[in-house]
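Fit chains B, C and D to the known structure of chain A by using the hints.
4 protein chains.
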Amino acid sequence: MYFEHTDKVKELEEKLNEFMEEEIYPNEKTYKEQLNEGGNRWKAPQIMEELKTKAKKQGLWNLFLPNSEYGAGLTNLEYAPLAEIMGRSSIASEVFNCSAPDTGNMEVLVRFGSEDQRKKWLIPLLNGEIRSVYSMTEPEVGSSDATNISTTIVREGDEYVINGRKWFSSGANDPRCKIAIVMGKSNFEGSKHKQHSQILVPLDTTGVNVKRYIPVLGYDDAPHGHAEIEYNNVRVPASNLLLGEGRGFEISQGRLGPGRIHHCMRTIGMAERALDLMIERVKNRVTFGKLLVDQGVIRQWIADSRMEIEQARLLTLKTAYMIDKVGGKNARKEISMIKVIGSQMVSKVVDRAIQSFGAAGVSDDTPLAYMYARARALRLGDGPDEVHCEVVARLELKGK
Amino acid sequence: MYFEHTDKVKELEEKLNEFMEEEIYPNEKTYKEQLNEGGNRWKAPQIMEELKTKAKKQGLWNLFLPNSEYGAGLTNLEYAPLAEIMGRSSIASEVFNCSAPDTGNMEVLVRFGSEDQRKKWLIPLLNGEIRSVYSMTEPEVGSSDATNISTTIVREGDEYVINGRKWFSSGANDPRCKIAIVMGKSNFEGSKHKQHSQILVPLDTTGVNVKRYIPVLGYDDAPHGHAEIEYNNVRVPASNLLLGEGRGFEISQGRLGPGRIHHCMRTIGMAERALDLMIERVKNRVTFGKLLVDQGVIRQWIADSRMEIEQARLLTLKTAYMIDKVGGKNARKEISMIKVIGSQMVSKVVDRAIQSFGAAGVSDDTPLAYMYARARALRLGDGPDEVHCEVVARLELKGK
Amino acid sequence: MYFEHTDKVKELEEKLNEFMEEEIYPNEKTYKEQLNEGGNRWKAPQIMEELKTKAKKQGLWNLFLPNSEYGAGLTNLEYAPLAEIMGRSSIASEVFNCSAPDTGNMEVLVRFGSEDQRKKWLIPLLNGEIRSVYSMTEPEVGSSDATNISTTIVREGDEYVINGRKWFSSGANDPRCKIAIVMGKSNFEGSKHKQHSQILVPLDTTGVNVKRYIPVLGYDDAPHGHAEIEYNNVRVPASNLLLGEGRGFEISQGRLGPGRIHHCMRTIGMAERALDLMIERVKNRVTFGKLLVDQGVIRQWIADSRMEIEQARLLTLKTAYMIDKVGGKNARKEISMIKVIGSQMVSKVVDRAIQSFGAAGVSDDTPLAYMYARARALRLGDGPDEVHCEVVARLELKGK
Amino acid sequence: MYFEHTDKVKELEEKLNEFMEEEIYPNEKTYKEQLNEGGNRWKAPQIMEELKTKAKKQGLWNLFLPNSEYGAGLTNLEYAPLAEIMGRSSIASEVFNCSAPDTGNMEVLVRFGSEDQRKKWLIPLLNGEIRSVYSMTEPEVGSSDATNISTTIVREGDEYVINGRKWFSSGANDPRCKIAIVMGKSNFEGSKHKQHSQILVPLDTTGVNVKRYIPVLGYDDAPHGHAEIEYNNVRVPASNLLLGEGRGFEISQGRLGPGRIHHCMRTIGMAERALDLMIERVKNRVTFGKLLVDQGVIRQWIADSRMEIEQARLLTLKTAYMIDKVGGKNARKEISMIKVIGSQMVSKVVDRAIQSFGAAGVSDDTPLAYMYARARALRLGDGPDEVHCEVVARLELKGK
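Keeping their order, the protein sequence lines are chains A, B, C and D.
Using the numbering used here, the first residue of the first sequence is number 1, and each one after it goes up by one.
Using the numbering used here, the first residue of the second sequence is number 1, and each one after it goes up by one.
Using the numbering used here, the first residue of the third sequence is number 1, and each one after it goes up by one.
Using the numbering used here, the first residue of the fourth sequence is number 1, and each one after it goes up by one.
For reference, chain A alone in the conformation it holds in the complex (with noise of 0.2 Å):
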């Protein structure tokens, strides 16, 4: 047992700081104001362009990507404390070309990807040049279970035939979005793990029909957005299949922990910057002849705040060790842990911290109504929670 980072990722931690510090939370306004100009929200804002140039240039791109010639070269632990920067602001993530789902996507073409697939999507992604899409969830069933997903992926001479409706394709609204990942179904017989592919299908494909952006409780996370796409005979050549027919779970199941395990360290951050607001607050504002600060319940709050960071923080750190030392597929108890921890974790800070800042904490005047919807909607993101709380229970009376 050890509970220090190394060297080099205290370097890294001190670098992304600095960057946090001067470019990325003065830019946090001029980003949205870019967003609000011209009334068009689908669009880049300029700010990201230059901030990717900035961090590129600064090494501190792709830093996800353990186990691979084509990242940072850190493993997930390296990782995880730097993501958690990250995290602590929403537009921070794509600045160092580290953000969901373009991350686990690259991961899925680094991991499974042919050569001809790398070349043509890994490339423009790790660049940062395009964006992409991982479309999976479908409205008509409980796609917690991905063995209802009923999109139909059919082989037609050279060519797989795409037919079905996504939701949350999230990306897709995105103009810079140009490919996406693909889950349907494949085979009609067999064992039901192995009757769903997984293709790769550009956006600009006809009979690709994006139909509109879902607002995600109030929001519509433009430029990201999160789509709504018909696919409607769509013709890709069969080449854009990744790994083979009926290898869609093997595909997913390799995706989704480092995913969940992102998304988890980034709550961190963003429960850390919720915190610090908070104390910001509390320490500032007057009510009843007294600061909040020495009133009622606040330092109940902030004391209960930082016990639970630091545990959620902890056994994020122990899952990344673990996915690094035995692998997401054995370590599947520790990533459905964190990943109901970390969401309900963010989502009791942020709460307090907008109940500490009144009817201000409610309005967009600082990140933590938003920060609420995030941490509300992850609690749903890649599993409901009860998925992922069954998973831990069936692996607890197995004794593992």
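Rather than coming from a laboratory, the hints here were simulated on the basis of the structure.
None of the values given here were measured: they were computed from a predicted structure.
Do not take every clue at face value.
Identical chains share a label here; the pair holds if one copy fits it or two copies do between them.
Listed below are the simulated EDC-like cross-link pairs for lysine to aspartate or glutamate, each with C-alpha atoms no more than 20 Å apart in a straight line [to be verified]:
{"no.": "1", "residue 1": "Lys211", "residue 2": "Asp364"}
{"no.": "2", "residue 1": "Lys283", "residue 2": "Glu140"}
{"no.": "3", "residue 1": "Lys325", "residue 2": "Glu4"}
{"no.": "4", "residue 1": "Lys400", "residue 2": "Asp294"}
{"no.": "5", "residue 1": "Lys32", "residue 2": "Asp220"}
{"no.": "6", "residue 1": "Lys178", "residue 2": "Glu33"}
{"no.": "7", "residue 1": "Lys398", "residue 2": "Glu308"}
{"no.": "8", "residue 1": "Lys57", "residue 2": "Asp304"}
Coordinates of chains B, C and D only, in the frame set by chain A:
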């Protein structure tokens, strides 16, 4: 002790429920569509005016307003189950001319307005021709302690001159909104509860600048809106003052009791609707080979929701009974209790409903996401829960 | 809706409160001392019999028992506030001959007993001359599902022969306890809710072996006790059977409604006493230079306690109202709800009170530690909370 | 960051687990039986001395005591998983001479004792020949603020004279207990953290009157006990003073860090045992036609318990790491956090286990009821949770 409503109330409940089924629920979507038409959301959708006409015709109009010749002659206790029913739909209260802040403002005018003030503002409000705003909260001060309010109302000759900045002046973004009741400081000496006054300010007065609407947890609440308003040397006739100089607190005390209980009544309806939606969902959605209703914690959630709703409803009814019987001032403890309980209860119930819906729960395809934002905001509206808990504790410690 | 008790009830409340102040609270210590005298705690302290005589003289006797010529002629709703007052002291209910399980057993005899059974057992119970036990729960089976009950009651000639093992047969360790109502299986075919019977078994019958008392969370509950009883070829006359063979469930349904609500009424009194003690403590205890009442979360705890108590009380009263009006069977949902709410509410309130008292709170120098154990046990007594939540959910899902 | 114990620790874990399986668990019942024999529970059961001899022989002795020539040479971090294992049984710690308050008292003597004091008291304690008491808490004052301590320690010639009343002097009812460390006021001026001293008082000194044992939530904790002690003109040689006059706080600071973390380590073991028992139960108990494990909220409880335990364990380990590395003073925040988290976590886990067991859960047929009392008491032991939350908040607000 007697736990049934009178026949008069039961008849109104039935009539109202029928109206909800026939006119309100089927038009929720229409309302939203009309609102989104043409790019400008700051307008009254046609359907609203149509529904108002129908409601008025059926006598479902101004059901609030106890002890007054103006309203329907119901007590608070009689109004409670009706407000609950209205609370089931976010568009319903306005249809019946029972929506905040107009109800509170009308009560102020009924109780404290001069004959002239009533003629000019109360009558059109009662007719549903105009809307109004209660301009109280300020961004710069902790306004839950209203002695902090710093906007000034200074007498100059036959006029009062108003200067200050307000926000969360809900309703002021609505084009039909014509009049504001503004709270400010008129006297700068003496007891701190006798320094503030309330004054009627027509929104078209020179110097009234509605700067922006403030989104609440992602929602703009158009066409209503939560406005930030700058009062810049605004001059109104001295006769616009309500009740008298230094009597602002007297007015807000009178206003807040019923205001809070109306919110609470509606939260119960909101919670009932969320529970209905949840039950409908879990009875029909399959994951992992079983209906949701037969899985995990869902049934516990249903039981918890029912238990919380029932208790909140009973305390709300008792509070209404006490306001009727001993007056708002002597029902302070109950009013503070239900203010806290109502918003927390509905927050929990809606949260569970969202979780049962999965991704759909955070979209705008169900009313749940908006309810979630409303419920959260209510934990701050009319003073944060913690301020009300302090009231309860203080009275309890005094043995009251 | 009407939220006040009748004058008759108010007078009884006053009288009862006076008795509590003058006779009960001052003698709690005496009772404990007499119980501890002489090394044997399994005896009736003298003071109890004295207090019973006084209570009887004042007409504060058998206040429970609605709709019966035997009791005081009160409805459940009228009895509720009186039971609440009794709940403030652990020795009070017995003083007024209103303690479990005698009350439930008397109700069974009133409703289902033959004339002979009433004469023999009901009359001495009504007079407070003997005590009784309800022998239901078994160690080997999950008894919250009473169809599991496996003790046998087999007819042989003019007798029934009883064999089985029971535990938590509360009261059987008391030397004054003379009679048990035993639930067992008499019919081994047919509908599983028609296989059980209930039968009267005098404790001095050959083969009734009270093996031990079972401490509940550290307390022996002497002289009452929670007995483990072996029924070893116990023979009683066939006329001891209650109501008829296979009608055991009919009896327990009739018994449990009022039983549960009595417990719930008393938990409210228990919670009120805990809150009183807590308030008294925090107003007088100084740490870190300030009264406890001015520190941290204490005031929040007071407010939370008040809010929880008020809500639980109202739902208990409504449930009593419904039992009176539509009968226990049609008030199942309410009965299950208050069963859960009452015990959880008092658990929370007492927990906070203990925490406010520091070390003294876990000692026996205050009534809190014992209350804590009682409250916890009540979450299991008459079926675990979860079984009752399932009842609520099931009825809710059926739209009832 | 590294999440595995060293091989040395793993070997000790294995050895200890074996000892638990072979010697401890099977003898829990024997211990209880021997304690109950003969009517006097205030004696050491024979089995305890036998187990101590075996443990000592196997080198499983005095495993606590970091940085000292006296103990096993383990760091706090190394000791943590071992203390966790001991925590699984209420009789285990004493077997390995690792039980409170002896461990803390030995640490005090190791660090602050004179050579003579060590020879006289430390050696027999290390050998497990005698036991000791830490006499700190007083009934009359809020002792979580130790500056309130009012017992006096006054120099008279070559002696100190002690007067005062203490309670919760745990262990003093044990006949093997020979020595007390008493905290009292020796200086009546100057800084309030320099007015108290600690002094060694043999229990057989004239004027030391052990008045009674105080049950904790129903349990007498025999033969250990929680004593109320009157110090009535107790005279001890001046050389019995520890460290020096006015240095009492210095000592208790040094004592409390490890003391608290030991408790927390043990609570993790206690929670693991409770979870084991619960899982065993629900896999084998049928109600309503289904195994408990397939019903309702049980699986959620298992998942929640696992998540809470894992997080608490990691923070405990990190705290141990910090005490080793930067010292207890600089690990104050962590120490306070795990003090709160440990007791609350185990309270929740044990509560769920009890609920799964039904009536058996509150009896003494499983270890759960006693664990429940212990867990609850720990929320007050070494200062109420709220005092520790205040420490966390204060440090957090200072940015530490």
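(message) Name the hints, by number, that the structure is in violation of.
(response) Hints 6 and 8 not satisfied by this model.
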